[in-house]
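> Turn these sequences into a full structure, and let the hints steer you where they fit.
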Amino acid sequence: NAGVTQTPKFRVLKTGQSMTLLCAQDMNHEYMYWYRQDPGMGLRLIHYSVGEGTTAKGEVPDGYNVSRLKKQNFLLGLESAAPSQTSVYFCASSDPGTNYEQYFGPGTRLTVT
Amino acid sequence: AQSVTQLGSHVSVSEGALVLLRCNYSSSVPPYLFWYVQYPNQGLQLLLKYTSAATLVKGINGFEAEFKKSETSFHLTKPSAHMSDAAEYFCAVRVQGAQKLVFGQGTRLTINP
Numbered sequence: 001n002a003g004v005t006q007t008p009k010f011r012v013l014k015t016g017q018s019m020t021l022l023c024a025q026d027m028n029h030e031y032m033y034w035y036r037q038d039p040g041m042g043l044r045l046i047h048y049s050v051g052e053g054t055t056a057k058g059e060v061p062d063g064y065n066v067s068r069l070k071k072q073n074f075l076l077g078l079e080s081a082a083p084s085q086t087s088v089y090f091c092a093s094s095d096p097g098t099n100y101e102q103y104f105g106p107g108t109r110l111t112v113t
Numbered sequence: 001a002q003s004v005t006q007l008g009s010h011v012s013v014s015e016g017a018l019v020l021l022r023c024n025y026s027s028s029v030p031p032y033l034f035w036y037v038q039y040p041n042q043g044l045q046l047l048l049k050y051t052s053a054a055t056l057v058k059g060i061n062g063f064e065a066e067f068k069k070s071e072t073s074f075h076l077t078k079p080s081a082h083m084s085d086a087a088e089y090f091c092a093v094r095v096q097g098a099q100k101l102v103f104g105q106g107t108r109l110t111i112n113p
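In order, the protein sequence lines correspond to chains A and B.
Here the first sequence is numbered in my numbering, starting from 1 and rising by one per residue.
Here the second sequence is numbered in my numbering, starting from 1 and rising by one per residue.
Please keep in mind that the hints were generated in silico from the structure rather than gathered at the bench.
Please note that a few of the clues may not be correct.
[As the list claims (entries may be wrong)] Simulated pairs of lysine to any residue, SDA-like, Cα-Cα distance not exceeding 25 Å:
#1 K57(A) to Q105(B)
#2 K9(A) to R108(B)
#3 K70(A) to N99(A)
#4 K69(B) to Y32(B)
#5 K100(B) to E101(A)
#6 K70(A) to D38(A)
#7 K100(B) to D38(A)
#8 K100(B) to L69(A)
[Said to hold, decoys possible] Which bits of chain B does chain A cover? Going by a derived footprint, with three or more residues having C-beta under 8 Å, they are:
#9 42-53
#10 99-111
By construction, the Cβ of each residue, glycine as well, lies at the ideal position given by its N, Cα and C atoms.
Right, here's the structure in full:
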């Protein structure tokens, strides 16, 4: 049981490039989330999903898109990366059956130059 | 809207001393409350959670927290700090009916030998 996994672990992009971060969970959770973590700012919710085929905006959605085509996967896309998107990105999943306790992945460290 | 305030972005204690990390929340309805810990270069993991059962909640690694409705607080304590407790700690709140958590800004705990 791997829990929540994230791919890749590290990435360096040039301004204007695009990329997709992959999150996968094997706990059959309904809900999935993407956060970014920046020094002194805690965790900020980018987008989330309450089920396969659904997505919703979080606190800081601009510049990001997401898709949840399969229940176990949640993709985060950056269409045109900017230096302000340099951050550590965390994926999490939860389920009503566990009182919405969130299970986190190990994170992806993204640098945009 | 619900929110979480963690008092003190950085707390330093001596090994063997009491650890007290403060968390206050704002919510008009009974919340679910969580404490997470993040070790360097890792994702967040759950320490403990309050879901309207016992007001004193015991978690992993000797930590506990008490839900005090009159004070809208959920402070995290540990009687005797260990060097391995050095990490960042996040308080989070979920209001019933909501599908996501709101996280505090985090408190970095340093343990002095």
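> Each hint needs a verdict: does it hold in this structure or not?
These are the hints, each one checked on the structure:
no.	hint	in the structure
1	K57(A) to Q105(B)	holds, 20 Å
2	K9(A) to R108(B)	holds, 23 Å
3	K70(A) to N99(A)	holds, 23 Å
4	K69(B) to Y32(B)	holds, 12 Å
5	K100(B) to E101(A)	holds, 9 Å
6	K70(A) to D38(A)	violated, 29 Å
7	K100(B) to D38(A)	holds, 19 Å
8	K100(B) to L69(A)	holds, 20 Å
9	42-53	holds (count 7)
10	99-111	holds (count 7)
Violated hint: 6 only; the structure is consistent with all others.
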